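> Protein chains in written order, with the working numbering: chain Y, 23 to 134; chain H, 11 to 121.
These are calculated hints, taken from the structure and not from any lab test.
Where hints are given, some of them may not hold.
To be verified - In silico lysine to any residue, SDA-like type, Cα no more than 25 Å apart, as pairs:
#, chain 1, residue 1, chain 2, residue 2
1, H, 12, Y, 84
2, H, 12, Y, 101
3, H, 108, Y, 37
4, H, 52, Y, 75
5, H, 12, Y, 79
6, H, 77, Y, 122
7, H, 66, Y, 72
8, Y, 29, H, 12
9, H, 52, Y, 132
10, H, 52, Y, 108
11, H, 108, Y, 75
12, Y, 29, H, 48
13, H, 66, H, 41
14, H, 52, Y, 96
15, H, 12, Y, 44
16, H, 52, Y, 27
17, H, 12, Y, 96
18, H, 108, Y, 35
19, H, 108, Y, 31
20, H, 108, Y, 134
21, H, 108, Y, 86
22, H, 108, Y, 44
23, Y, 29, H, 41
24, H, 12, Y, 76
25, H, 108, Y, 34
26, H, 12, Y, 78
27, H, 108, Y, 38
28, H, 52, Y, 25
29, H, 108, Y, 39
30, H, 108, Y, 36
31, H, 52, Y, 76
32, H, 66, Y, 23
33, H, 108, Y, 89
34, H, 52, Y, 86
35, H, 52, Y, 48
36, H, 52, Y, 74
37, H, 66, Y, 75
To be verified - Simulated DEER-style distance windows between Cβ atoms:
#, chain 1, residue 1, chain 2, residue 2, range
38, H, 38, Y, 93, 20 to 26 Å
39, H, 36, Y, 120, 44 to 50 Å
40, H, 85, Y, 101, 31 to 37 Å
As the structure is a prediction and not an experimental result, all values here were calculated from the model.
Ideal Cβ positions, reconstructed from N, Cα and C, are used throughout, including at glycine.
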Amino acid sequence: SAVISQKPSRDICQRGTSLTIQCQVDSQVTMMFWYRQQPGQSLTLIATANQGSEATYESGFVIDKFPISRPNLTFSTLTVSNMSPEDSSIYLCSVVGAGELFFGEGSRLTVL
Amino acid sequence: QKEVEQNSGPLSVPEGAIASLNCTYSDRGSQSFFWYRQYSGKSPELIMSIYSNGDKEDGRFTAQLNKASQYVSLLIRDSQPSDSATYLCARTPPNDYKLSFGAGTTVTVRA
């Protein structure tokens, strides 16, 4: 399976600020996704990161709040904009490899 | 109706016993099914995938899929304390890799 690295692994942020999470994969992957896991909850898909075009967002998630970039087949970023305490979650990058989905280590954000 | 539902747990089993986890899904067209294990504070780790009806075994883990009943299960044989974790059931729609997850079942294996 691909090795997926995320940065930062954790951060504490102030309300109203924005934070960008990076996802780096050690091989080229076609499909890349961003998930959110709120405290005590399961995972929810935010969007599909499309290489060279705008991300595809799931219901309840919008580009202004979660802008995503994917400049190439090994890298993507997710920005959490204008954060509020409700955005405190683990954000996970995932990629498809050999027909299965693998996750990065996640970025744990706490918004004060 | 939730897309994926799991038995709520928590599930406590003695060491060496079989842990049985159940999952149902609402979309009859669901294509692929996965079980992930998530330790506290860690990201999900894929432990089993299953695509066709029947059983699939991998070491101490057996996944069972019944598409007619829209049911998938995971059996953990000879449970070990290291199996204590939350187990997440997930599925994909046809021709896509977008995962829908269940709420998870927390398993505790007591020594």
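> Now tell me if each hint is right for this structure.
Right, here's what the structure says about each hint:
Under the criterion of a C-alpha separation no larger than 25 Å, the hint pairing residue 12 of chain H with residue 84 of chain Y is consistent with the structure, at around 22 Å. At roughly 28 Å between alpha-carbon atoms, residue 12 of chain H and residue 101 of chain Y are farther apart than 25 Å, so this suggested pair is violated. For a cut-off of 25 Å, the pair hint linking residue 108 of chain H to residue 37 of chain Y is broken: about 30 Å separates their Cα positions. The hinted pair formed by residue 52 of chain H and residue 75 of chain Y fails the criterion: a straight-line CA distance of about 31 Å is larger than 25 Å.
With a C-alpha separation of about 20 Å, the suggested pair residue 12 of chain H and residue 79 of chain Y falls inside the 25 Å cut-off, and the hint holds. At roughly 19 Å between alpha-carbon atoms, residue 77 of chain H and residue 122 of chain Y fall within 25 Å of each other, so this suggested pair holds. Restraint check: the Cα-Cα separation between residue 66 of chain H and residue 72 of chain Y comes to about 33 Å, which exceeds 25 Å; the hinted pair is violated. Between residue 29 of chain Y and residue 12 of chain H, the direct Cα distance comes to roughly 32 Å. Violation of the 25 Å bound is thereby established for this hinted pair.
Pair hint residue 52 of chain H plus residue 132 of chain Y holds up; C-alpha atoms about 16 Å apart against a cutoff of 25 Å. A C-alpha spacing of about 20 Å is found between residue 52 of chain H and residue 108 of chain Y, which places the hinted pair at or below 25 Å, so the restraint holds. Our distance criterion of 25 Å between C-alpha atoms is met by residue 108 of chain H and residue 75 of chain Y, whose separation comes to about 18 Å. With a C-alpha separation of about 20 Å, the suggested pairing of residue 29 of chain Y with residue 48 of chain H holds against the 25 Å cut-off.
Of the pairs offered as hints, the one joining residue 66 of chain H and residue 41 of chain H holds, with about 16 Å between alpha carbons and a cut-off of 25 Å not exceeded. About 22 Å separates the Cα atoms of residue 52 of chain H and residue 96 of chain Y, which keeps this hinted pair within 25 Å; it holds. Among the hinted pairs, residue 12 of chain H with residue 44 of chain Y is inconsistent with the structure: their alpha-carbon atoms are about 31 Å apart, more than 25 Å. Straight-line distance between C-alpha atoms of residue 52 of chain H and residue 27 of chain Y comes to about 14 Å, which keeps the hinted pair within the 25 Å bound.
Using a Cα cut-off of 25 Å, the hinted pair residue 12 of chain H and residue 96 of chain Y is violated, with the two alpha carbons roughly 33 Å apart. A distance of roughly 29 Å separates the Cα atoms of residue 108 of chain H and residue 35 of chain Y; the hinted pair therefore is violated under the 25 Å criterion. Taken as a hint, the residue 108 of chain H and residue 31 of chain Y pair is honoured in the structure, with Cα atoms around 24 Å apart against an allowance of 25 Å. Of the pairs offered as hints, the one joining residue 108 of chain H and residue 134 of chain Y is violated, with about 31 Å between alpha carbons and a cut-off of 25 Å exceeded.
Distance hint between residue 108 of chain H and residue 86 of chain Y is fulfilled; the C-alpha atoms sit about 22 Å from each other, no more than 25 Å. For the hint pairing residue 108 of chain H with residue 44 of chain Y, the CA-to-CA distance comes to about 20 Å; that is within 25 Å, so the pair holds. A distance of roughly 32 Å separates the Cα atoms of residue 29 of chain Y and residue 41 of chain H; the hinted pair therefore is violated under the 25 Å criterion. Between residue 12 of chain H and residue 76 of chain Y the CA atoms are separated by roughly 28 Å; this puts the pair beyond 25 Å, and the hint is violated.
With a C-alpha separation of about 29 Å, the suggested pairing of residue 108 of chain H with residue 34 of chain Y is violated against the 25 Å cut-off. Distance restraint check for residue 12 of chain H and residue 78 of chain Y: the Cα-Cα separation of roughly 22 Å lies within the 25 Å cut-off, and the hinted pair is therefore satisfied. Taking the CA atoms of residue 108 of chain H and residue 38 of chain Y, the gap is near 30 Å; set against the 25 Å cutoff, the hint is violated. A C-alpha spacing of about 15 Å is found between residue 52 of chain H and residue 25 of chain Y, which places the hinted pair at or below 25 Å, so the restraint holds.
Distance hint between residue 108 of chain H and residue 39 of chain Y is unfulfilled; the C-alpha atoms sit about 29 Å from each other, more than 25 Å. For the hint pairing residue 108 of chain H with residue 36 of chain Y, the CA-to-CA distance comes to about 31 Å; that exceeds 25 Å, so the pair is violated. Restraint check: the Cα-Cα separation between residue 52 of chain H and residue 76 of chain Y comes to about 29 Å, which exceeds 25 Å; the hinted pair is violated. With a C-alpha separation of about 20 Å, the suggested pair residue 66 of chain H and residue 23 of chain Y falls inside the 25 Å cut-off, and the hint holds.
Restraint check for residue 108 of chain H and residue 89 of chain Y: satisfied, since their Cα atoms lie roughly 19 Å apart, inside the 25 Å limit. Proximity of residue 52 of chain H to residue 86 of chain Y is assessed by CA-CA distance (about 28 Å); at most 25 Å being required, the pair is judged violated. Proposed proximity of residue 52 of chain H and residue 48 of chain Y is supported: the alpha carbons are some 20 Å apart, at most 25 Å. Among the hinted pairs, residue 52 of chain H with residue 74 of chain Y is inconsistent with the structure: their alpha-carbon atoms are about 31 Å apart, more than 25 Å.
Of the supplied pair hints, the one linking residue 66 of chain H and residue 75 of chain Y is violated, its CA atoms being roughly 38 Å apart against a limit of 25 Å. Checking the proposed 20 to 26 Å range against residue 38 of chain H and residue 93 of chain Y shows it is violated: the Cβ atoms sit about 38 Å from each other. For the hinted restraint 44 to 50 Å between residue 36 of chain H and residue 120 of chain Y, the CB-CB distance of approximately 27 Å leaves it violated. About 42 Å separates the C-beta atoms of residue 85 of chain H and residue 101 of chain Y, a value inconsistent with the hinted range of 31 to 37 Å.
Of the numbered hints listed earlier, those contradicted by the structure are 2, 3, 4, 7, 8, 15, 17, 18, 20, 23, 24, 25, 27, 29, 30, 31, 34, 36, 37, 38, 39 and 40.
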